[in-house]
Amino acid sequence: MSEPGAPERLARAAESGDVVLAGRSISVRFGGLAALEDVDIEVPSGTIVGLVGPNGAGKTTLFGVLSGLLRPAAGRVELMGADVTNRSPQARARMGMARTFQHLELFHDLTVRQHVVLAYRVRHAYKRLWSDLIDLRGWRRPPAEEDERVDGLVSLLGLEGVAQIPVAALPLGTTRRVEVARALAASTAVLLLDEPSSGLDTRETEQLAQVLRTVVETEGVGILLVEHDVGMVLGLSSMVTVLDFGRCIAVGTPDEIRVDEHVRAAYLGDAGATNGSAA
Amino acid sequence: MLQFVIAGLVVGGIYALASSGLVITFVSAGVLNFAFGSIAYAVARTYFWLHIQRHWALVPSVFLCMFVLGPAIGALLFLVLFRHLTLSPTLVKVVITIGLSVAIPPIVILLFGDMQIALAPGIAPQPVHIFHVLGSSISMDQLLVYISVVAILGIGFIVLRFTTTGLGVRAMVDSPAMTSLSGGNPFRISLAVWMVSTFLAGVCGMLLAPIIGLSAQAFTGLIAAAFAAVVAARLRNLGVAIAVSFAIGIAGSVLQYWLPPASTLTTAVLPSVPFVFIVVFLIYHIVRAGKVSEGDGVGGPLDRAIIPLGGARLAASAEAGGGGVDPRISRWAPILGFAFVFILPTLLHPFWVGLMAEAVAVALFMLSYTLVTGEGGMLWLSQITFAGISALVAAQLATRHGWPVLLAVLVSSLLVAVLGILLGLLTLRLGDVYVALVTLTAGLLVEGLVFTRPIFLQQGVGVVINRPQFANTDKAFVYLGLVVVVLVSLLIVNIRRSTAGLALNAVRWSETGARTLGISVVQMKLLVAGIAAFVAGLGGAFMAMQTKVALGDNFSVYLGFVFLTVLVTVGVRSCFAAVVAGLSFVMLPQLLEEWLSPKFVQFAPILFGIGAIQLARHPNGVMVEQMHDTGRKLTAFLRRLSGHGPGQAEVAEQPEQPDQPATVAS
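For the protein sequence lines, the chains are A and D, in the order given.
Using numbering that gives the first Met the number 0, count along the first sequence one by one with no gaps and you end on 278.
Using numbering that gives the first Met the number 0, count along the second sequence one by one with no gaps and you end on 665.
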């Protein structure tokens with residue numbers, strides 16, 4: 000379900016400069032192949048923006064460009080209004096961008112809580128990466144505000160029961176929530192979710208969707224959601240961007256996307272679109 | 000000049016066979032065989048034994064060694080060992096082959112005796128016939144190398160290109176999983192590949208023996224050159240590997256033509272040829288692709304899907320390690336262990352205290368592996384070289400320049416830390432296997448280029464380095480060493496408990512995940528590389544102080560292999576395991592000699608090698624996992640005593656500091 004009045008909120012956010020992440024005229028080429036051609040996308044705060052498209056449409060490439068893992072051939076990436084096109088992924092992370100991965104990129108030796116603690120400290124106490132080695136703070140109890148934030152996130156994501164367990168021992172659905180908790184711990188302004196329902200069953204997918212709604216409401220972050228499960232995207236997002244063969248073929252509300260001829264043609268072929276069997 | 004090119008083609012041809020063997024095993028079985036040189040040595044030594052010592056005729060000796068023994072070793076290794084490791088992480092396989100490279104030479108010595116063989120026969124009839132072509136001489140041995148190389152590479156090309164078996168091998172290279180699902184038989188293909196690879200190792204050994212003599216260490220030179228070609232080929236391109244092998248052989252030979260004969264410069268420059276090739280090709284690959292990783296282009300989506308969680312890491316998770324052990328036991332077990340070691344010198348005979356002095360110095364060195372491999376997840380094979388450099392520099396500063404010895408040790412270790420950071424910078428964009436290859440080659444380079452300098456060598460006796468006055472006796476030196484070991488262990492534990500420790504752990508498991516979290520992978524890798532090199536430097540200087548002489552020969556890369564195998568056998572992530580490993584390395588051969596017979600000294604490295612082979616089954620080390628098991632039983636016993644049921648949730652009983660993993664390994 001999309002939030003009521005979301006398009007208006009989006010429009011207001013864009014007008015007020017509340018767009019936390021934007022890709023402007025992004026183009027990426029791999030040798031002779033144009034993976035992305037002049038793509039624009041905006042993610043306002045407190046909003047879920049969906050990014051869909053058939054296989055090979057360029058979704059993961061766009062994700063890579065936005066998060067800094069890939070450099071575009073042309074175009075620019077803006078994070079909180081600043082041009083970060085040439086900034087490294089870790090620099091973007093420290094500015095408030097976080098992402099999850101289709102193939103989990105968790106740290107298997109660390110417990111759920113340690114994931115959140117590490118993300119929190121990288122954002123809020125980066126000096127501790129070095130100062131702990133000298134002042135032995137690792138042996139002392141962490142500050143109250145750190146405990147409060149970490150425990151709050153663990154609780155928000157429903158991870159209290161497994162907080163002290165290394166993630167290697169957890170089921171996939173739980174580790175997806177760990178990734179989200181870790182991302183939020185860095186006081187994230189914008190969260191990029193890459194196929195978060197990949198490998199989850201229907202119940203786990205619904206649980207995750209509920210978690211994402213809660214996160215947007217309570218944390219006010221902007222979320223860019225790449226997902227194969229079009230139903231999930233249309234149900235969650237306020238705005239949806241559709242890619243096909245590296246080009247943006249549609250931008251609109253879920254209702255607009257549902258009836259868009261180009262989108263139906265991309266997913267079902269021209270015949271499907273003609274027959275009216277919409278996605 | 001032509002004479003040198005002819006000689007270069009001979010050596011290059013042998014390198015081409017070696018690199019072909021390495022590439023086909025890597026692409027089809029995912030194993031970069033560091034034991035290739037040891038297998039070559041084993042076959043060549045067997046040939047020498049049969050043909051020279053047992054007076055067998057040439058043809059049956061050659062046939063038996065080349066066509067039966069070589070392939071049989073490959074079949075045995077695959078059937079007993081590597082077929083069970085298909086899904087093991089790449090680094091585990093690498094360490095296992097290092098274990099094999101340590102275990103095989105002493106087995107050969109046990110079988111055939113420890114004879115120094117500088118001149119070994121080739122596969123040509125004696126006396127070796129000499130041909131004269133275009134004013135140059137070509138021996139029958141050289142001619143047979145050409146024929147062997149052309150025949151083997153030609154047959155290999157035809158088989159790979161035009162036969163069903165070749166198609167199967169190429170399919171395996173693309174996707175082992177899909178080959179299996181398509182009705183192919185990966186088992187048979189892998190078996191065949193292993194047999195071919197060790198057949199090539201045997202051929203290389205028999206062809207190389209007349210050129211370099213017969214010693215296990217000499218064959219590491221073969222590995223270095225072949226590895227350089229393999230790096231150039233990005234571990235996968237057979238054609239490039241063969242071409243670069245010839246180039247290395249010819250370059251080395253032609254350099255001898257240009258450089259003054261029998262000069263120290265010549266002997267110093269020649270070992271650097273493979274390293275130069277490695278550096279040039281790595282720079283080329285990095286500029287072209289941005290990063291060089293052994294995982295590039297390996298397998299299809301299905302293969303990636305069935306790769307075990309955690310990819311290429313060496314040690315298991317804390318859950319698989321110390322999970323289920325009462326935190327109090329985890330905390331006190333290593334403390335009690337250290338306390339016991341502190342008491343030992345007061346209980347032992349002075350002879351054993353002397354051995355303990357050596358053991359403590361070795362333990363100190365091994366803590367560098369605990370850091371770089373255990374904590375950092377990187378397989379650096381140049382740690383022993385850092386130790387050697389530090390020992391040589393400390394000896395120069397203390398003995399030649401009159402510095403206080405401990406200050407000299409500290410400064411030399413800091414210098415080595417800088418070298419570690421520089422090497423870390425060089426290897427930042429490389430995958431795990433490439434890091435192992437580059438550090439190995441760098442170690443071999445320093446061994447040949449630096450350790451042999453007259454200023455360090457001092458005509459083979461090395462440079463004197465005395466112990467500090469207050470630690471002149473063995474007992475006092477043991478305690479000095481133990482204090483430093485404890486301090487370094489506390490440093491490691493402090494790193495683990497710090498935010499940097501969490502970040503290091505993050506980088507170890509997922510560089511991409513760490514980077515997108517805001518962690519600088521570069522900083523973390525350089526941190527651990529620098530500290531580990533510093534600790535290796537301390538260890539090397541202490542090893543030199545223990546023997547009171549700093550000599551490069553005591554810090555060979557091969558010895559580093561042995562140290563690594565001992566440590567992974569005991570436990571690569573535990574500080575106390577480093578102490579046990581040091582004691583085992585020094586004491587076990589002596590105990591075997593005392594209790595059994597001097598001949599059994601060779602059993603120690605065999606046991607260490609076999610221990611490293613157990614890594615796949617015991618990723619945290621045999622001793623550490625035994626301690627975990629004992630800890631779990633003790634925990635269960637204590638719970639029963641206190642009235643708690645065995646099903647009590649372990650999660651509820653965590654250490655006071657919930658941000659740190661609980662493990663006996665600390």
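No wet-lab data here; the hints were simulated from the structure.
Be a bit skeptical, because a hint or two may be false.
[What the hints assert, rightly or not] Sample of chain D residues with no beta-carbon within 10 Å of chain A, all distances over it, derived:
| no. | residue |
| --- | --- |
| 1 | VAL268 |
| 2 | ALA470 |
| 3 | ILE494 |
| 4 | ALA499 |
| 5 | LEU501 |
| 6 | ARG507 |
| 7 | TRP508 |
| 8 | SER509 |
| 9 | LEU516 |
| 10 | ILE518 |
| 11 | TRP594 |
[Unchecked claim] Which stretches of chain A does chain D cover? Using the computed rule of at least three CB atoms under 8 Å from a CB of chain D, they are:
| no. | region |
| --- | --- |
| 12 | 106 to 112 |
| 13 | 116 to 125 |
| 14 | 128 to 137 |
[As the list claims (entries may be wrong)] Across the chosen pairs, the derived CB separations fall in these ranges:
| no. | chain 1 | residue 1 | chain 2 | residue 2 | range |
| --- | --- | --- | --- | --- | --- |
| 15 | D | LEU424 | A | ASP37 | 47 to 55 Å |
| 16 | D | GLY165 | A | ASP150 | 56 to 64 Å |
| 17 | A | ASP150 | D | SER641 | 25 to 33 Å |
| 18 | D | THR164 | A | PHE29 | 50 to 58 Å |
| 19 | A | VAL250 | D | LEU78 | 39 to 47 Å |
| 20 | A | SER197 | D | ALA71 | 24 to 32 Å |
| 21 | A | TRP129 | D | MET0 | 54 to 62 Å |
| 22 | A | THR217 | D | SER641 | 53 to 61 Å |
A virtual CB, placed ideally from N, CA and C, is assigned to each residue, including glycine.
Do the hints match the structure? See the list:
no., hint, result
1, VAL268, "holds (39 Å)"
2, ALA470, "holds (28 Å)"
3, ILE494, "violated (7 Å)"
4, ALA499, "violated (5 Å)"
5, LEU501, "violated (4 Å)"
6, ARG507, "violated (7 Å)"
7, TRP508, "violated (4 Å)"
8, SER509, "violated (4 Å)"
9, LEU516, "violated (6 Å)"
10, ILE518, "violated (6 Å)"
11, TRP594, "holds (40 Å)"
12, 106 to 112, "holds (count 6)"
13, 116 to 125, "holds (count 8)"
14, 128 to 137, "holds (count 7)"
15, D:LEU424 x A:ASP37: 47 to 55 Å, "violated (38 Å)"
16, D:GLY165 x A:ASP150: 56 to 64 Å, "holds (60 Å)"
17, A:ASP150 x D:SER641: 25 to 33 Å, "holds (28 Å)"
18, D:THR164 x A:PHE29: 50 to 58 Å, "violated (35 Å)"
19, A:VAL250 x D:LEU78: 39 to 47 Å, "violated (60 Å)"
20, A:SER197 x D:ALA71: 24 to 32 Å, "violated (47 Å)"
21, A:TRP129 x D:MET0: 54 to 62 Å, "holds (57 Å)"
22, A:THR217 x D:SER641: 53 to 61 Å, "violated (42 Å)"
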